[in-house]
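Chains as they are written, first to last, in my numbering: chain A, 1 to 493; chain B, 1 to 89; chain C, 1 to 110; chain D, 1 to 112; chain E, 1 to 932; chain F, 1 to 164.
I should point out that these hints are in silico values taken from the structure, not numbers from a laboratory.
Worth double-checking, as some hints may not be accurate.
If you want the footprint, here are the derived chain F segments under chain C, 3+ residues with CB under 8 Å [what the hints assert, rightly or not]:
id : segment
1  : 30-38
2  : 90-96
3  : 137-143
4  : 154-162
C-beta: ideal position from N, C-alpha, C; glycine also.
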Amino acid sequence: MNHWIIAPVLIPALAGMLLLLEVRERHRLRRLTGLLSCAAMLAVAVFLGDQAWGGEITVYALGNWQAPFGIVLVLDKLSALMVLLTAVLAFPALLYASCGDDRKGANFHALFQFQLMGVNGAFLTGDLFNLFVFFEVLLIASYGLALHGRGPERVKAGLHYVVLNLVGSALFLVALGLVYGTTGTLNMADFAVKAQALTGTDATLLKVAVLMLWVVFGLKAAMFPLYFWLPAAYASATAGVAALFAIMTKVGFYAMVRVYALAFADGPFAGLGQQALWWLALVTLGLACIGVLGAKRLGTLVSYLVVMSVGTLVAALAFGQLQALGPALYYLLHSTLICGGLFLLTDLIARGRGEVADCLQIGPAILNGGRLSLLFFVAAIAVVGLPPLSGFVGKVALLRSVPDPTYWVLLLIAGLCGLVALSRAGSTLFWRTTGEGSGLRPARRHLLSVVGLLLLSPLMAVYAEPLLQLTAAVAEQLRNPDLYLSAVLGGGA
Amino acid sequence: MLETAISIALALITLAWVLNLYRLVIGPSLPDRVLALDTMYINSIALIVVYGIQVDSKLYFEAAMLIALIGFVSTVAVAKYVTRGDIIE
Amino acid sequence: MDSLIEWLVSASVIIGGVFALVGSIGLARLPDFYTRLHGPTKATTLGVGGTIVASLLFFSWQERGLQLHEVLITLFLFITAPVSAHMLAKAAMHRQLKRMKGTRGEPWKQ
Amino acid sequence: MELLVAIIIGVLVASGVYLCLRARTFPVVMGLTLLSYGVNVFLFAMGGLKINQVAVVGMSPDPTDPLPQALVLTAIVIGFAMTAFLVVLALRSQGELHNDHVDGKPDDGGRS
Amino acid sequence: MNLAFVVMLPFLGAFLPPLVERVTGNRTLLACGAAALPALALALLFNPARQVFAGETLHSTLRWIPSLDLSLAFRLDGLALLFALLVLGIGLLVILYARYYLSAKEKAGRFYAYLLLFMGAMLGVVTSDNLLLLVVFWELTSLSSFLLIGFWGHQTGARKGARMAMTVTGMGGLALLAGVLLMGNVVGSFSLQTVLESGDVIRASSWYPVILCLVLLGVFTKSAQFPFHFWLPHAMAAPTPVSAYLHSATMVKAGVFLLARLYPALAGTDLWFMLVSLAGMMTLLWAAFVALFQHDLKGLLAYSTISHLGLITLLFGLNSEMAAVAAVFHIINHATFKASLFMAAGIIDHETGTRDMRRINGLWKYMPYTAVLAMVASAAMAGVPLLNGFLSKEMFFTETLQSEQLGALSWLLPLGATLGGVFSVAYSARFIHDVFFNGEPVNLPKYPPHEPPRYMKVPVEILVALCVAVGVFPAITVAGLLAVAAAATLGGDLPEYHLAIWHGFNLPLVMSFIALFGGIFIYSQRRRLFDLWARLPEVDAKLVFEGRIQQLGRVASAITGRLQNGSLQSYVAWAVTLVAVILLTQMWHLPALSLDVGMLPMDGVAILCTAMLVAAALLTTFLHRHRMTSIMSLSVVGLMVSLLFVRFSAPDLALTQLSVEVVTMLLLMLAMYFLPVRTQVESSSVRVLRDVLLALVVGAGVAVLAFLVMTGETTTISQFFMDNSKSGGGGTNVVNVILVDFRGFDTFGEITVLGVAAMGIYALLKDLNLASAKYDSLGRPWAADAHPLVLVTISRPLLPLALLIAVYIFLRGHNLPGGGFVAGLITSVALVLQYVASGVGWVHSRMPGDYHPVVAMGVLLAGLTGVGSWVFDYPFLTSSFTYVSLPVIGKFELATAMLFDTGVFLTVVGATLLMLANLGKLSLLDDKRENA
Amino acid sequence: MTLLYRVLPYPSLSLILWFTWMLLSGFTAGHAVLGAILAVLLPLGTRPFWPNVPRIRNLPRLLGFVVVVLYDIVVANVSVAIKVLGPLRSIRPGFVELPLELEDDFAIALLASTVSLTPGTVSADVSPDRKTLLVHALDVDDAAALVAEIKQRYERPLKEIFEC
Ligand code: NA
Ligand code: NA
């Protein structure tokens with residue numbers, strides 16, 4: 001029996017528990033534990049990716065109870081991809097945080113591991129209520145992480161983040177209740193099958209449930225009008241945490257894709273809420289542009305870039321028939337990694353500027369700013385979508401597969417806004433300086449994590465073709481939900 | 001006869017509850033309200049026990065026992081809050 | 001059902017209900033906190049006690065054997081309820097709540 | 001009975017939502033608690049209502065749906081964890097921002 | 001391969017100079033190192049060039065992203081060769097020139113790196129054989145030019161100039177991208193060859209106007225065509241070698257290059273003529289006019305560049321093959337004379353310390369040699385015979401005369417052309433006269449100026465020599481190159497033309513002379529014109545642009561601030577509104593509510609209890625300002641909900657809810673010590689009304705949903721659990737078996753949540769600085785009795801009793817209501833009661849106070865129980881149970897689920913105590929601070 | 001004796017626990033064993049939490065005391081019920097100070113509880129020096145008589161049970 005599927009959940013869980021057992025606060029040991037766990041996760045994720053690429057969808061029936069009665073983990077190409085992405089992002093983020101940020105509060109490493117557990121669980125589970133549980137795991141850990149360290153800004157942003165998500169969780173439960181009340185099941189595949197047969201009142205109730213699910217996922221993904229919490233929360237979080245959070249919005253997006261692909265791409269409920277999703281995504285994109293232009297801190301700017309990527313992605317999903325999903329997933333990989341890297345870089349810059357931190361105003365020159373400015377330049381090019389880095393590839397791929405004028409205009413404007421804002425930010429941070437700074441020099445591990453993440457952009461551009469093929473294969477598998485259904489429910493589906 | 005008696009008892013206890021809620025609302029002091037709440041908890045024990053007889057089931061006994069055992073902790077906590085502010089010191 | 005048992009159970013249940021109600025009437029009706037504090041003791045003791053006796057009789061009869069575990073409820077209540085009352089009295093004295101006219105003696109300063 | 005439960009759910013949810021929209025951390029905590037009561041009852045009700053049909057094998061001829069109960073149990077525990085976190089966060093906010101406004105706005109008086 | 005390598009060479013080489021700089025401080029060596037790359041590239045182009053001259057087009061393709069039809073495809077035809085030579089040749093000269101221009105302090109290594117990056121990008125643009133690839137390089141030129149223009153980033157002008165250039169050209173680049181993508185859609189390929197062969201398809205497509213506009217937007221921004229010309233003068237903040245390079249032969253030429261490149265695909269329509277020639281004409285005239293009034297040496301050259309680019313654009317717009325040839329020719333000529341002029345300007349700047357022509361006068365005396373070079377180049381710019389500028393300008397005049405595109409208004413074209421010529425001569429005259437003559441220099445920062453270092457002049461000499469050579473011997477110097485380039489531009493046969501100095505007396509010659517003398521006349525009238533100019537309102541594009549950008553930022557900030565106003569209330573309101581909208585819109589599709597459905601009968605007790613629950617909920621809500629009262633009524637709600645669970649056959653839920661209630665109350669009381677006991681009225685009545693409405697809609701909506709589901713019929717998967725609970729899970733309490741077995745994974749996640757919440761709370765509480773109240777809410781000092789005797793004494797024996805009950809509840813859980821969670825809560829409550837009764841110090845002197853390990857052990861135990869099933873090759877959390885018979889004791893069950901439930905128990909105990917005990921300790925910190 | 005003491009530091013508590021367990025789980029052999037194990041283990045485990053609880057020295061007296069208290073509860077309940085339902089003007093509440101002879105904390109607490117359990121009186125406070133118990137009585141004619149009655153009916157037996 002192949003137990004590896006559950007490893008991405010159990011490895012961080014185990015590491016988290018060991019970290020809790022370690023009561024003597026030996027920081028080196030804690031760091032080592034955390035990093036080893038991340039490394040192991042990376043290895044497992046690669047292995048699982050390889051397995052998923054065999055084309056078979058692997059189902060792991062927890063407690064040996066078959067779907068739809070027990071909870072199953074499902075490893076298909078999409079979940080493998082997302083787990084891999086998480087692992088790739090987590091390692092540098094943790095490495096960065098392990099340079100001292102982890103000591104600014106209690107239980108950082110354990111929280112970090114549990115966050116990963118939650119994220120991986122959410123990606124792997126094939127059960128809707130279990131998805132809720134893992135959402136809560138990742139949320140509660142993220143609450144702790146978001147508040148890690150000190151400062152009133154962080155507390156305020158954290159409070160908003162927590163309260164909104166608690167409201168979201170309540171809504172999630174209502175939606176799940178309706179799902180169970182109408183279809184009598186919680187397994188995603190079974191749900192997809194049963195949903196198709198609903199009529200009359202039950203069908204309407206199910207519609208309400210699904211629309212509510214969109215709201216819940218939209219809140220996690222940070223879509224208009226539910227993204228307002230994000231900029232403050234991300235901008236005020238510790239750098240390593242903010243970098244890891246780059247994946248969090250993608251969890252919401254993932255959940256949308258999963259549910260949509262299984263149950264609503266086809267059949268009687270095809271396109272349920274799609275129109276609304278499309279317009280909300282476009283508004284998100286537009287408002288993110290405005291946010292990027294108006295940002296007064298680099299951290300906020302990057303946060304809006306995250307929102308921008310969400311708008312871009314959800315619009316591509318809502319455009320219809322999952323035809324843009326392949327490029328969207330490529331873009332997702334790119335934006336997650338680069339935004340993560342940018343959060344780290346923002347912190348390095350802020351450290352270098354002392355008091356002024358990442359405020360976009362005149363400040364002291366950064367000691368050895370050359371390296372940072374180079375990194376910033378690369379990251380900006382990548383995130384704005386200028387050639388020759390991954391952002392350009394992703395954007396071109398999206399433009400080609402979403403032939404809609406509004407989308408084109410917005411996406412191009414988004415690029416322009418990013419360009420204007422980031423060139424302004426960069427010139428302020430690196431050029432418009434007064435005297436030598438008293439800020440801190442980046443540590444080697446700091447630079448290593450940032451470079452590690454940002455280097456992925458050129459790599460993703462160089463290997464764009466295989467990656468696009470890969471994401472296209474993911475999309476192809478999703479376009480054919482029968483594969484998933486028969487894997488989970490057996491041949492009968 | 002038993003059924004009637006039980007119905008009457010249930011009605012009496014529910015009525016007691018209403019009076020408790022009345023005290024809880026009008027107070028006037030915080031100890032009054034806590035006392036009302038405490039009484040409600042105790043009346044609930046009676047209610048659960050009577051309900052157990054009504055439906056001829058012992059499955060609800062533990063709920064009543066639980067209230068008897070730890071229900072008072074809430075009351076103690078509030079009382080300590082009133083006198084000391086700090087309930088764990 | 002045996003009519004004697006039924007009669008006994010019914011009586012106990014009603015006694016329980018009555019005392020629960022009387023306690024709550026006291027709570028609602030008595031003029032100051034200290035006197036109101038005496039109300040719930042009725043619910044605690046005879047109110048719950050009556051229903052417990054009923055339950056004891058009923059299930060012992062039903063199951064053809066002595067069923068005593070309900071007694072535990074009373075046991076626990078007898079342990080915990082005085083503590084609540086005591087703590088509430090202290091709270092009231094701390095708050096220097098008004099006493100009804102004609103109360104003899106003084107509460108202690110907390 | 002179903003009507004009563006629906007009314008209960010409605011009132012709990014409405015009260016919860018209203019309190020969540022208040023400006024201080026305390027009512028928000030109260031609101032979220034009420035909301036989660038409402039949601040738990042809602043989730044519970046999705047299995048349908050049955051009286052004295054506890055889902056214990058061999059004890060009830062027509063047992064109630066146990067699954068929503070299990071879900072609600074999970075939801076209660078998670079809800080408790082979240083509430084506890086929020087309460088402490090409210091304290092942290094009080095400690096760092098010196099007031100209990102959800103946006104950390106300074107106010108005129110603390111303990112009035 | 002070879003070709004791709006040549007293009008990549010500068011990119012690869014870009015890493016070299018910074019490295020060399022680190023090794024050696026020798027600037028000459030550094031410059032030579034940097035120059036070696038273009039030199040090598042030029043050498044490598046030698047053979048291919050011969051093939052191109054022989055009429056071949058060289059291709060070289062590397063795979064990159066086939067699924068986007070984006071390949072590293074390069075082509076070398078005449079046009080590409082021409083531009084490659086300009087890019088590399090002038091680049092080489094600029095590097096040599098920069099060796100002397102840059103001061104010793106400056107980071108020359110970085111400069112060369114940027115320059116080489118730019119060179120590579122430019123080379124890529126001109127040799128791309130794939131339109132997407134062209135866009136890639138196109139944007140790269142914008143990016144690298146941003147770095148070059150902003151090289152002196154400490155100067156405001158440089159920063160703003162760089163950003164402006166980047167923003168404008170970046171915008172154009174995005175438009176170009178869109179245009180190219182559309183073109184690709186129409187043609188079905190991004191291959192340049194295919195696109196060029198599909199001109200008819202493109203022009204016939206309904207997308208043609210859009211494509212043309214988007215492409216032209218790219219072209220016009222890049223080539224600084226009206227109305228996008230404003231960025232170029234401000235790019236003069238760059239070091240002069242950069243200007244010499246970017247604004248003569250490369251960056252701005254990328255735009256006109258694209259016109260040439262796509263000529264076969266896009267040209268030949270009226271729209272093309274209107275847009276291109278109109279923009280060209282406007283630019284030509286306006287920039288030439290403005291150039292005259294620039295006092296900055298480089299400013300004059302910048303506007304002159306814009307003007308000449310306008311001329312070239314105009315030529316392409318004429319839709320005539322001959323005009324295209326002229327355009328290509330002028331591209332060559334402009335590159336040579338303008339590069340040399342910029343370099344000369346740089347020398348003057350370098351030697352005098354200023355570029356202000358009002359201060360620079362009479363340099364003829366101080367640097368005659370440079371003066372000669374500059375004057376020759378200026379003359380070429382003015383179109384003086386025997387110099388290269390004359391030849392192409394003559395062709396230009398000819399073409400304007402021959403165009404009939406404007407019909408009856410066709411005479412406007414030669415008129416405009418002549419007028420442009422006039423101003424061109426005028427500003428050239430100014431460049432010569434005002435700088436080298438016109439009296440003595442005024443207040444120069446460096447005085448006296450002298451000739452620059454010998455080798456700084458070499459690049460200028462070479463370029464000026466080229467101007468003269470082409471001007472005098474066009475046929476033997478440039479003709480071949482022009483022919484292949486023009487042929488490649490037109491994508492077919494060349495028209496009949498003849499490069500010669502003398503074409504006889506004809507109208508173009510007359511126009512040339514009008515321009516020459518008119519220009520000199522205008523320059524002679526400069527005082528009056530300057531006065532006039534000075535009276536015109538001065539518009540600084542940089543300020544305007546910067547203002548716009550800042551305004552944009554402010555507006556954006558304002559909009560963002562509106563939406564994202566930092567108010568949680570509004571965020572929650574948005575979310576709730578969304579839900580309300582969903583409910584409202586879907587309600588219409590629901591059937592009319594009917595009470596005439598199968599329901600359980602109501603009874604008086606239930607109705608009364610419902611009424612009480614509702615009342616308590618409303619009380620909690622409306623009394624929320626009286627916080628303690630609100631908490632009390634919330635507790636009533638909790639109690640009622642527990643009883644609801646009792647009523648509807650869910651004793652497990654009732655037990656859980658009741659014990660959670662108690663813990664929650666402890667938590668709230670702990671918190672209330674630090675929080676205000678009242679909330680003041682803050683919400684306006686409008687706000688309250690809005691919130692009440694939202695609450696009502698959502699509440700009613702959810703109630704309706706609940707009612708419909710409850711009264712509907714759904715077959716669920718539950719029967720399976722009922723059937724398999726005993727046989728498969730070993731327990732009769734199905735709810736519990738679901739929790740620890742069927743859906744044990746949920747429970748595993750759930751206890752993780754609890755544990756993580758406790759950890760998070762611990763982290764939040766650590767070092768929390770909270771002042772506790774010294775007086776109660778009535779202003780009295782707190783009571784003295786911290787540990788009342790009765791409470792202390794009674795709570796202690798209660799502990800073993802409660803533990804006993806916990807064990808009982810735990811053990812029966814699998815078969816009857818109960819379980820690890822409730823048992824854990826009972827245990828926690830009993831322990832917390834000890835804290836409450838006897839204090840933290842007392843408790844911690846009797847047991848360890850760190851509950852982290854307990855939480856960890858709990859989750860670990862649950863997890864390990866799950867992992868245990870791997871031994872038997874079953875999935876995680878597969879349960880197993882067996883019945884054991886012992887003498888006396890009898891038969892009992894052993895189940896792994898029990899072990900799992902023990903994990904739950906431990907986690908619950910650890911987590912609640914971690915939360916409550918640490919919250920309780922908070923006040924101790926405050927006391928300690930007081931005492932300290 | 002020492003070994004027995006080590007295993008069963010509080011035999012009466014262990015007995016109560018065992019009996020509670022049997023009540024809860026039913027009188028079977030298996031539960032008798034399990035209950036015995038728990039009755040030994042739990043007091044041992046929680047021993048640090050209650051260092052000096054007095055031993056019951058007179059078990060029959062204890063049983064007698066329980067019967068008396070239960071009887072008093074029933075009687076007092078009825079009389080108090082009448083007062084509660086009757087005219088309120090007729091009741092004369094008062095705080096009565098009861099000088100304590102008991103010295104042991106646990107015994108004092110038991111007395112206070114007993115006073116509170118019998119309707120009509122609530123023990124409101126114990127003086128810091130543990131010499132006086134403050135009792136609130138719902139209707140008191142003669143404070144001295146009340147004090148005497150409490151001392152006679154409850155305090156004395158308690159003293160006998162615990163302190164000899
Ligand atoms: Na405390
Ligand atoms: Na001059």
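Here is what the structure says about each hint:
no. : hint    : result
1   : 30-38   : violated (count 0)
2   : 90-96   : holds (count 6)
3   : 137-143 : holds (count 3)
4   : 154-162 : violated (count 0)
The structure shown violates the earlier hints numbered 1, 4.
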